[in-house]
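Protein chains in written order, with numbering that gives the first Met the number 0: chain A, 0 to 366; chain B, 0 to 331; chain C, 0 to 341.
What the hints contain is simulated information worked out from the structure, not anything from laboratory work.
Do not take every clue at face value.
DSS-like cross-link-like pairs, simulated, lysine-lysine; straight-line CA separation at most 27 Å [claimed, not checked]: (1) B:Lys120 / B:Lys215; (2) C:Lys126 / A:Lys229; (3) B:Lys271 / C:Lys126; (4) A:Lys288 / B:Lys120.
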Amino acid sequence: MKRQLLASICACTLLAASLLSACSSGGGNAQQTGGEAGSGQESSAASGSAASTGSSGGKKLAFVVKSTGNPYMERMIDGFKDVASKLGHTVVVKEPEQPTAEAQISMINEVVAQKVDGIAVAANDPDALQPILSKAKEKGIKVVSCDSSVNAQSRDVHVNQADPVAIGKALVEAAYDMTGGKGEFAILSATSQATNQNAWIAQMKEVLKNSKYANLKLDKIAYGDDLRDKSTTEMEGLLKSYPNLKCVVSPTTVGLAAASKVLVDQGYAEKIKITGLGLPSEMATYIEKGVCPYMYLWNPIDVGKLTAYTLDALVQGKIKGEMGETFEAGDMGSKKVTTAADGGTEILLGDPFKFDKENIGQWKSVY
Amino acid sequence: MDTTSPKKTLKIQSYRQLGLVAFIVIICIAIQFRNSRFLTVSNLLDLLTDDAILCILSVGMMSVILTGAIDLSIGSTIALSGMTTALCVSKVQTLHPLVCILIGCAVGFLCGAVNGFLVAKCAVPPFIATLGMMDIFRGLTYVISGGRWVSAYQMPESFKAIGTAKVADVHVYILIAIVVFAVAYYFFSYSRTGRKIYAVGSNQLSARITGINTAKISWLVYIIMGTLAGLCGVLWVSKYASAQGDTATGEEMSAIAACVLGGVGITGGSGKISGLILGAVFIGILNNALPIIHVSTFWQNFIEGAIILIAVLMNFAVKRHSERATLRRRKI
Amino acid sequence: MNLENTVRGGSGRKFNAGKFFLRWEWMLVFLFVIVNIFNSSISSYYWQPETFMDAPMSFLDKAFMVMPMALVLLLGMIDISVGSTVALASVLMGVSYRAGMPMGLAMVVCLAVGTGCGMINGLILAKYDEQQLPSMIITLATMTIYRGLALIILKDQSVGNFPSWFSYLGWGYVGGVPFILIAFAVFAVFFLILLHKTSFGRQLYGMGNNLKACRYSGIKTARNKILVYTMLGFMAGVCALFLTSKMGSTRPNVANGYELEVIAMAALGGFSTFGGKGNMIGAILAAFIIGFLRYGLGLINASSELILIIIGVLLIASVLASNVKPKMKLPEEKESPEKKSQ
């Protein structure tokens, strides 16, 4: 009886303690994002309440990303928070613990209930968020997707890091180059449902139809699920199933890093080359070693910044997300809204950037 | 007690696992047909290296299941201990690999101790206790890392070398797994505490009446599981040179599957290391073979599930047959 | 194993008010009230009718499966394949609709598939008990198989473009009350009556306490097991309907991880994994508690990892506070409870 009482007291105190910490961290979340990003004075004044402090700013913006922890997502968030707080908005960042569409639906529901003015989302599924985002739009909330788009009906405009056609072409060219014009190559992707990767792979397949690449054969598309262990096992499987493999293309940062490690550890660094989309910080050693002659990416921090500028422009009423509109994206210059491949509108960040031995030294500490 | 002669008893014992052995042989032959590089030394060594972590985990899981309990939190324990070690090593780059392993084991030890405390002393049903702790440990993993991952370039070479170290061309992990199996074999078959574990799992009430401290035993098995999971955390993070928040999600299910396939009764009290080795190796074969049998990736899940189901059913059928045969042989 | 939890009067026993209110379910009601007070105190957005009505939508699709899962737990068994069943049912519904089937018929396909998957589980597990054929490993295998089937069928595609009335299921309101809440209430009443007012429910309690005794008493244990798993499969189909309506589209990877959440809700509801005890009201309350708590914490933007920790602590704390598992007492311990060993 005594032990039961003691146990229940312990249990209740533990529960109370964790709930209190939720309050302080959650409630403080809105303030923190304003305070920590650089210019202390005006941002801390603008955060906390919904009161507007300047001519621009004072709105509440939400950013829902794919999942928590991924360095790529983290840097996008950094860029977004940086710009949004400089413009005087409060930011709510939602990171689901599992990269599922269901989690994102719940999170968008929650930010809608908090009466935000704008939502930016890097979607886990292009179609599954349509009902909830349509509901948000009906309430007058502006919707922007970035990195991984939602379908045209769900959004006002999409912020695209790079043209998928350009990415597909660049990756196929890289494979062509690394196999010496003919040979077998394989793709190591993220999950089989990943929007971005599927779009880029589809473009790669389109490019491969060109007669120039007639001697380049795609052996297999393996899915590493953006998990290190699965990516490693899939890569090892590729090496065993296709002994004539000359090149591997991995359009995901986790897959590229994992597969490069496998190549180096198993001694294939001379025989097989690897390329894809990777973070310079993670891939620096492999580029220096030569197993990855070059790779592509763009700056995720810039993606975040551009998303914030775009959402700001939408929320302030400067643009509506229609074709042909232009707006000023702060230090990123003037940006134009163009048509996207899926029928909606988008804003392009730029072209994919090539990382190789020459420039990796300066980029590996940036992101 | 059955009154058959010792020779016949031996036949029945090995008979139990014969179903699984036969199945493994069939599967290996089938895979070899699809990809002749399966039964090569290098591939088999790869297989065992990848499987080593699961083997170590299943030893821990077996000790827990033997007492009639279960532990669903080992995936999160691996993540927590791996992340802790990775964070330590990224901050203090000169940390000796052995110290890292100790840190990992210590974290695992604590996790196991908490689980054991809840189950043994607070009488929380093991499923619920470990389900709750699974969430808590996973959440803690994110909290201590600030939601960020620890990547390869943040880890010193000495740490990453653990994951690639070899002794005479055999990966260190395989050796560690063999050592763990050997110690476990001795522990369960020949030590007093090991026998007590079986007793607690077979009939907790009787065990307590005989004077066995059942709470201590229940606590002990969780500590064993936790420490082994902690060790696996370090091994995992070093092998893949990356500590993520979602590391090892679902690993507990693989460990449970390995135990059940290896003949460890889920209600406790029965199971041998020899069977467990078979079960763990079988899962390892599955994981290794699926990417190389030249089937569409989208068929992999289905094939894996079907094979496990057939293996379980076959194992069950053989066991029932052998038990019936024992009964028939009894002299009344 | 306290039969007083399940018997309400009618047996000649006196109504013990003290014991009645000390029950697990009242603690859950108390917890529910606390959660609501907590939620409204931390966020000003909570106590608004639209928010309050929105909250159920986020978890009710899972909650459909909590009730039959409670029955499975009552039997002392488990089913971790429900998430995959939802995915398969949803995928097959989408594919049927895309192939030209009218939507109503596709919805029937969804329910049929769910029921079928559940029935397969039940058929395999019917004749043998936990020691021989553990339900955990069988449902682990079927979980992988069903998800695998969904992947084989849809691969990396999605299916959507359902008729506009379909979204009414997940998002529609009937006179201010969400449709999904009404549907849930209907099923809740059904399961409440099933467990507490029918002989079938009594048989389930018996089976959970002592399966062998029930079998020898003539209760059709195999049939009951099949029925329970089939019901769980059917409700998984219902969940698939609402989930697909909520998302407006479907893919093979939906409902990932649903099984453990559903089991956690049922466990919080007082259904011990050992079987033999629990009240359906508890399961329903537990689903609402966890659902509302998550929603409330989400409104203040607590990080998802913190929410994870809190749910875990909640689960353990509530079990600790009531010490669900009955401790086995040795004969001499019953006489002198102070002399408990350890």
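In ascending order, which of the hints set out earlier in this document are inconsistent with the structure?
2 and 4
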